[in-house]
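Novice: Input sequences plus hints: build the corresponding full structure.
2 protein chains.
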Amino acid sequence: MNGAQSLIRTLVDAGVDVCFSNPGTSEMHFVAALDTVPEMRGVLGLAEGVVTGAADGYARIAGKPAATLLHLGPGLGNGLANLHNARRANTPVVNVIGDHATYHKRYDAPLESDIEAVAGSLEGWVRRSESSADVGADAAAAVAAAMDAPGRVATLILPADVSWSDGGVVCAPVPGRTPKPVADTTVKAIAEVLGTGEPTALLIGGAACREAGLRAASRIATATGATPFIETFPRKLERGAGLPAIDRLGYLAEQVAYQLDGVRHVIIAGTKSPVSFFAYPGKESDLVPEGAGVHTLAEGADDVVAALSQLADLVAPDTEPVLAEPRRPELPSGELTAQNWVDVIGALLPENAIISDEANTSGLLLPAATAGAPRHDVLTLTGGAIGQGIPAATGAAIAAPDRPVISLESDGSALYTISALWTQARENLDVTTVILNNRAYAILRMELQRVGAEGSGPKANSLLDLSTPDLNFVSIAEGLGVPATRATTAEELAEQFAAAIAEPGPHLIEAMVPPLL
Amino acid sequence: MNGAQSLIRTLVDAGVDVCFSNPGTSEMHFVAALDTVPEMRGVLGLAEGVVTGAADGYARIAGKPAATLLHLGPGLGNGLANLHNARRANTPVVNVIGDHATYHKRYDAPLESDIEAVAGSLEGWVRRSESSADVGADAAAAVAAAMDAPGRVATLILPADVSWSDGGVVCAPVPGRTPKPVADTTVKAIAEVLGTGEPTALLIGGAACREAGLRAASRIATATGATPFIETFPRKLERGAGLPAIDRLGYLAEQVAYQLDGVRHVIIAGTKSPVSFFAYPGKESDLVPEGAGVHTLAEGADDVVAALSQLADLVAPDTEPVLAEPRRPELPSGELTAQNWVDVIGALLPENAIISDEANTSGLLLPAATAGAPRHDVLTLTGGAIGQGIPAATGAAIAAPDRPVISLESDGSALYTISALWTQARENLDVTTVILNNRAYAILRMELQRVGAEGSGPKANSLLDLSTPDLNFVSIAEGLGVPATRATTAEELAEQFAAAIAEPGPHLIEAMVPPLL
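If you read the protein sequences in the order shown, they are chains A and B. Sequential numbering of the first sequence, starting at 11, is according to my numbering. Sequential numbering of the second sequence, starting at 11, is according to my numbering.
If you are wondering where the hints come from, they were derived from the structure by calculation, not from laboratory data. Think of the CB as a built atom: it goes at the ideal place given N, C-alpha and C, for glycine as much as any other residue. Among the clues, some could well be false.
[Claimed, not checked] Covered by chain B, according to a simulated footprint, are these stretches of chain A (three or more residues, beta-carbon under 8 angstroms):
{"id": "1", "stretch": "42 to 53"}
{"id": "2", "stretch": "109 to 115"}
{"id": "3", "stretch": "432 to 440"}
Specialist: Now the structure itself:
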């Protein structure tokens with residue numbers, strides 16, 4: 011058994027049985043070894059941003075990591091932005107990065123570069139396998155590291171000769187660190203804060219964004235009068251009829267100021283104290299209102315769901331959560347707008363869907379339109395590195411082949427990793443992509459105003475414009491093997507969306523939506 | 011004057027007047043400042059790999075750096091692979107990477123990451139501007155660092171508040187380090203090696219791949235009997251009728267073994283001693299034949315052209331270089347093959363063209379077919395990170411608006427940075443792209459065999475296959491705004507190629523070429 015075979019067998023034994031791959035020569039023995047371990051599924055991406063974004067989306071739904079297969083330092087570089095998003099989501103990911111043979115590195119061949127430096131920027135776990143005998147144990151350690159609560163990016167660097175040499179040893183699975191219990195004293199201290207009756211916000215994130223955490227938060231809020239919020243960009247948010255409908259904290263600092271206006275206490279549960287996404291001249295970075303206290307119930311690595319449940323039992327023993335009633339918007343009519351396209355989604359969202367949301371400015375009104383839709387999961391852009399939505403949808407569909415995946419994608423973000431559509435076609439994934447084509451980096455037009463940039467004129471505006479020439483996403487999608495249509499009215503979008511979700515396999519709809527702002 | 015304005019003015023004063031850009035919020039003041047410095051041209055790319063690859067291609071032709079504008083760490087990550095290629099080419103590039111405001115970094119906002127660690131992996135020059143008053147001097151230093159012979163990647167990190175705050179000071183240009191003169195004693199020592207009459211290879215690279223270096227090398231070879239070679243992947247190679255036709259060292263170690271068979275001395279001029287691109291089980295990494303001596307005339311930072319000229323005057327004072335005669339292949343006919351498509355290019359290559367060559371396996375026979383074509387420049391994939399060709403062609407066309415650019419691109423490599431076509435359309439660049447669509451990662455099929463991978467079967471082969479579904483590059487190109495056609499015969503390719511080069515603006519031809527091997 012060579013190193014590659016022991017690596018793949020160890021991964022499979024640890025439950026990692028999907029490998030999103032963009033291999034090169036240094037990974038050929040890993041590729042060959044796939045045929046010796048039938049349980050491992052190799053999924054090809056045509057660019058590394060597809061591979062890493064798919065691994066992120068997969069793990070968010072599967073609750074366990076996928077592997078990635080990347081080609082030396084440049085392959086990691088191409089995949090880095092979506093690994094950044096995974097890092098910010100605390101998504102478990104196991105990167106396998108092929109490298110030159112141990113004895114070849116000193117020759118500084120053209121693809122040689124400092125992989126450790128780049129991987130280290132992800133602040134996860136990085137190891138280089140030194141021999142075929144080690145690689146099984148290294149792989150088990152990588153999976154454990156990825157699964158350490160709340161989850162992180164683990165990177166195993168695999169020299170080509172470690173991969174091809176005999177002497178591989180399969181290693182039994184190693185468990186990751188489970189979430190840390192929160193001390194009773196902490197829970198009681200938070201209960202006292204809530205007991206003051208002063209205006210309080212309860213900000214939940216991470217694992218608390220699923221049913222158990224949402225129910226506990228709703229009970230606490232209902233019983234104490236605290237206002238619950240969900241972190242701005244959760245890894246996976248469970249939503250819809252039958253679940254508590256809790257607003258997310260806004261992306262814009264101005265929204266957050268409005269949401270937290272008058273609050274005296276901010277309780278943090280499974281996330282971090284709110285900060286502005288960017289700095290703006292003359293505006294605060296810290297979004298906690300002046301004079302308000304911040305109280306942490308649970309940090310990222312803590313067992314936030316248990317802590318919230320404990321707190322709820324303490325302050326709301328007899329209170330039931332408030333659940334969203336089934337309610338869908340009416341199907342709209344007329345020209346598509348940034349206001350009405352979300353109602354089409356809300357009206358027609360299928361049962362048990364997964365929404366990958368990278369609609370950015372076009373999607374600002376989406377949460378309201380889908381709050382009473384059938385229960386669904388939402389995956390968001392956690393790290394701000396655009397180009398995540400289509401790959402994440404791809405990975406989610408691999409993780410949940412029986413669930414419809416809805417990929418809502420802005421035009422500006424779509425082009426970074428558009429070839430993920432080809433992987434959807436190749437794997438016949440049930441993904442319906444809606445491209446919101448407003449022919450601009452609309453969010454940057456807004457930001458250009460918000461940052462108070464002086465002197466901007468036609469050259470600046472030109473750099474935010476996507477209309478010369480117009481992008482034709484129908485043509486691009488068809489070129490990548492995904493059937494596609496274009497909608498310019500709400501009726502067309504409804505008809506095309508209904509048809510797409512009714513038919514298995516991937517579809518794309520280019521929705522011609524004017525900018526919201 | 012704010013920091014951004016002083017930065018752009020300083021860049022322009024130093025001759026850097028093109029900025030390939032993919033901005034975000036933290037770069038909005040830089041974008042706004044473009045309107046206050048009319049000499050700076052902003053060129054939008056829809057992904058950072060396009061931006062950095064274009065900057066590489068631009069500088070190879072312009073002989074001076076372009077700037078890039080990238081959005082924090084993830085933007086650098088997306089652009090890292092083509093910066094790796096630029097590093098390996100010793101191409102001067104000035105990256106401007108926007109970052110959070112200085113006071114905002116401690117809040118660890120979602121886009122926060124370790125930019126220095128990632129930029130440091132490029133082994134160039136990295137600096138963070140600390141204040142608006144510094145940024146002009148930092149920009150001048152960045153240009154100087156980029157231009158230090160033989161050229162490198164310089165990265166300036168620009169916090170948002172340094173960009174937007176007043177107090178910017180324009181800085182006068184600072185020269186980079188010029189190439190180091192080679193000592194007379196070194197030249198004489200090399201002359202003595204040549205004087206032995208023993209079988210000798212003269213391997214030239216870097217700046218020696220242009221006319222003066224080629225002529226000197228040809229004179230030396232003709233007079234002494236040494237065999238000249240050009241490094242495998244030169245930054246820019248001048249070729250064609252009227253120039254010495256010198257073979258490049260092969261990509262495959264087996265080719266190099268054949269080329270250097272029996273050699274007793276290898277003289278290195280402006281490049282490095284030859285090593286295998288990858289390691290292969292049981293094969294040597296060092297490609298210098300056993301027992302042969304390696305003698306360095308000039309390293310990368312040395313004045314290799316002057317050294318070669320000096321050497322030629324010493325060993326070949328009365329010898330003229332051997333120049334390629336004008337000679338073109340006949341126009342072929344019949345189904346397209348990996349053998350005949352190159353003859354179409356050789357037969358029809360326009361005068362003074364620039365070839366961006368990322369044809370990989372499909373292009374193995376290209377050099378022979380174009381050796382006697384009209385004089386042209388060839389840009390090659392210097393760092394092995396595929397996805398470089400279309401962006402590099404884009405940048406080259408910006409640098410040389412009056413020259414036809416021919417972008418020869420394999421299907422597997424094309425998808426990494428395909429949106430560069432949109433930039434070509436937007437800027438109406440005179441680029442003719444020929445996609446060699448063999449429906450496979452053909453090079454990896456070959457490598458799977460070469461590395462001796464055992465156990466490979468249908469799963470491995472599936473990961474190297476691009477035919478399920480077939481990519482339709484005509485459709486993709488049209489979706490990105492570039493007119494496109496498909497050729498399946500040599501006649502069609504000739505007709506379409508001639509039409510494309512006759513008409514201004516970008517065109518794409520999808521050439522359906524079976525795998526060479």
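Novice: Counting residues of the stretch 42 to 53 of chain A that have a beta-carbon nearer than 8 angstroms to any beta-carbon of chain B, does the count reach 3?
Specialist: holds (count 6)
Novice: Counting residues of the stretch 109 to 115 of chain A whose CB is closer than 8 angstroms to a CB in chain B, do you get three or more?
Specialist: holds (count 4)
Novice: Do at least three Cβ atoms from the stretch 432 to 440 of chain A come closer than 8 angstroms to Cβ atoms of chain B?
Specialist: holds (count 3)
Against the hints set out earlier in the document, no violation occurs for any number.
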